[in-house]
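Colleague: Residues in the sequence shown are numbered from 32 upward in steps of one, following this note's numbering.
Incorrect hints may have been included.
[Unchecked claim] Ranges between beta-carbon positions, derived for each pair:
1) Glu-126 / Ser-231: 33 to 41 Å
2) Tyr-128 / Val-227: 22 to 30 Å
3) Arg-246 / Arg-61: 25 to 33 Å
4) Glu-273 / Ile-245: 25 to 33 Å
5) Val-227 / Ser-122: 25 to 33 Å
6) Lys-198 / Trp-75: 24 to 32 Å
These are computed hints drawn from the structure, not numbers from a lab.
Think of the CB as a built atom: it goes at the ideal place given N, C-alpha and C, for glycine as much as any other residue.
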Amino acid sequence: RSRTPPRQADARGGASGGRPLEAVLALAVRAAREAGAVIKQAWWAAGGSEVKDTKSNAVDLVTETDQRCEDLVNSILRGSYPDDRIIGEESAGSEKYEPLTDAPTWTIDPIDGTTNFVHRFAQSCVIIAYLEAKEPKVAVIFDPVADELFWATKGGGAYLENPAVGKRRLQAAATTSLAKALVSMEVGYGRDEASVALVSGALAALLGAGVRSIRMAGSTGLNMAYVAAGRFNAAFEHGDWERGKGPKIWDFAAGRLIVAEAAEMRAVWCRRPLVHALVAGGVTRDLTSGGRGELDLMGRSQFSACTSELAEEILALLATKP
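Build out the structure end to end from the sequences listed, making use of the hints.
Modeller: Take a look at the structure:
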């Protein structure tokens, strides 16, 4: 694991020499905040949000607000970049599942945590990611109820903005052992025997190994942002295309960048004994392959952790669960 300081922000463009990331970030933030305003208005509206439809099964919900927010974000992005590819959760058609290309691409989840939104459990967010050459370059996750904006640019670090603290660089925790870890996992939408066994097996493995505690908060985007912010030490959600279960690119593309760009304060040796410095932050892994390699943007699972040491401990447990 690298002990070198994070690279400085490159506001002029990504590694591929693309468009200015500062302008892309500003547009993404504007779109997320405007969609967030719609969510917040619906949140406090009398009668709550009606479920419009279901997707994969009866517990995978869609509301009118989901579609309104995705249409709004689409309109804002198209206004500046009309030829870019946009992959949205609520978009119709199979083209959203086509492989990524090197062309500029946006991913949108207008309300990540729709079930939470329907039940007025305050864990929902707008997620927007911008990709060039198949890699996230800009990421925005906005929680409109808490008024917390998490964002990152490639090579520029990850940040949190909220009314209480203003703008603050995100700092992942230095936790390396499960005994000191708060871990987020998700029950998902599967209610079949295999899905239940997968979730219950993972839960039993973590509890049996002495994890400090576990949370199931219901929002992939916020779970990953919380790892980057040091609130969670790890977060994961099982899934695969064969079973048709698990999160998708619009759920975790932004989180992958935010976790990677989060700085971590660690004790390091230099010319003077033991000083503290910012080093490269959290890690993400491909859970479907047992943790071998980086999180697959076209996959159906998510794993992130504040340190590689903690990641390896948890992944070993998940691989050997009953």
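Colleague: Each hint needs a verdict: does it hold in this structure or not?
Modeller: Verification of the hints:
Between Glu-126 and Ser-231 the Cβ separation comes to about 36 Å, which falls inside the hinted range of 33 to 41 Å. Between Tyr-128 and Val-227 the Cβ separation comes to about 26 Å, which falls inside the hinted range of 22 to 30 Å. For Arg-246 and Arg-61, the hinted distance range of 25 to 33 Å is satisfied, since their beta carbons lie about 31 Å from each other. Judged by the Cβ atoms, the range 25 to 33 Å given for Glu-273 and Ile-245 holds: they are separated by roughly 26 Å.
A hinted range of 25 to 33 Å holds for the C-beta pair Val-227 and Ser-122, which are about 30 Å apart. One distance hint, 24 to 32 Å for the beta-carbon pair Lys-198 and Trp-75, holds here, with the actual separation near 27 Å.
Checked against the numbered hints above, the structure breaks none of them.
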